[in-house]
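Sequence lines, in order, name chains A and B.
Per this note's numbering, numbering through the first sequence is continuous, rising by one, with the last residue being 59.
Per this note's numbering, numbering through the second sequence is continuous, rising by one, with the last residue being 1471.
Source of the hints: derived by calculation from the structure; they are not laboratory data.
If you want the footprint, here are the derived chain B segments under chain A, 3+ residues with CB under 8 angstroms:
1) 1322 to 1331
2) 1337 to 1344
3) 1362 to 1372
Where a beta carbon is used, it is the ideal one built from N, C-alpha and C, also for glycine.
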Amino acid sequence: MAEPLDDYIDAVAGALGLPIEDAWKPSVRANLAVTLKMAKMVDEFSLPDETEPASIYAA
Amino acid sequence: MQLDPVITPEGDWRPASDIAQAVAAKKISALAVTEAALARIAQHNPLLNAFTDVTAERARATAKALDAAIAAGQSVGPLAGVPFAVKNLFDVTGLPTRAGSRINRDRSTSTRDATLVERMEAAGAILVGALNMGEYAYDFTGENIHDGPSRNPHDVTRMTGGSSGGSGGAVGGSLVPLALGSDTNGSIRVPSSFCGIFGLKPTYGRLSRARSFPFVASFDHLGPFARSVEDLALSYDAMQGPDAEDAACSTRAIEPVTALLGQDIGSLRIAAAGGYFRKNLFPEAQEAVARVTKALGVTRDIELPEVARARSAAYVISTVEGASLHLDRLRTRPNDFDPAVRDRLLAGAMVPAPLVDRAQKFRRWYRAKVLELFKDVDVIIAPATPCIAPKLGQATFVLDGVELPVRANIGIHTQPISFIGLPVVAVPVPLDPMPIGVQIIAAPWREDIALRVAYALERAGVVAAPRAKGF
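Produce the entire structure from the sequences given, and follow the hints as far as they go.
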């Protein structure tokens, strides 16, 4: 049965030119799932539109 | 020549200031000190696997030049003759900067030392080698698939912690009195905790990263490891100062701390980090924090806002910036990575960009909120690691009846702090049989405060770098 993230992984790997062997895919998928879970936690936190990213610097 | 001026009767290094004074006063030559360090490395490194390169010829030449300068009546620096080693992501002239990887061994050899190596040697210290580390610093264990694991000198079946594993092992096992490492999410504080030594992660931008191999530009810090607070401060002072060759390095003037260590800390407002930092702790970590807070008379907890989210944002930014750094190598040499590192980086390459931008915006918000806390406190105490050093290869541990992955949980208490670049001294609580560390956290640019608290705890006998039996 196809895993939900597999099509996404294949598409991004193709767009970025990243070779991903079938044997690596379960580990990549597991890592991506954890990362997206972490990112979702941040995404759900509402911030004002005016919030600057930390990487803004003074010229 | 007798080694008494630099080695204690118990066989440990004397403080760096004692070594430097003895060398400057010609009680012992820098060459003899260097030979003592090289002998220790030769004797113990086969077991500890802390060093990947021993720069013996260079060290002897540097020591002879120092001895000649002393003989000629020239003044020498505060670290005269003190041996040190660096994590192998620092450029060392004549070595390829491997950064724990197989791939980087194919790089051309460095033609100039990292800025911090130059500054340590300008202060008289003598580089004796480069140290093992987790591949590309994406690691909390100190294990390395290419070079073998760094081993903990307090129990060689256990991890040193990482990614500066060799730095932890080399200082924890007293092979050298000082080492340098890097800390992106905890890689100085974790090995300090597991190996029972002092470590300083300075404010982001305080110490130059020029000519070191990066990992996550947003979070990368370099700093020292030592067996005493004074040695930590001496080496930190020697390395301070602006450097145009690191875009993140501050233009602030040098702010020496060594002379301030003994200042009274009675007026400092100290709190323990509550909530998130009280959870997911083994009894040893709870005991370590309790000993430190009791000694400091801490009576209140302080809540850092949204800490779990901060840790998540640090995780996301790390994996994405790491993936960006290594994208070409992932395309061309994926089979030469440690598969565990490669698969994390490949996943990092696939995170949608808006989520990364939101993590950086959250970081700005979180930083502002935490800085507000420093209006009410000067110091925050927090655990450095949730546990003592796990066994080498250990994949999980059971906490409160729940089985958790070791790798993902070692850095849960360090990541939310480096995420916003706060200065931290990791202090070792000498529990038996294994030590464990506590974080002394201060406001940005107040390394002096964190070091003064660490020094007071050391003077009170609450924290100390225990001698590793057999080393």
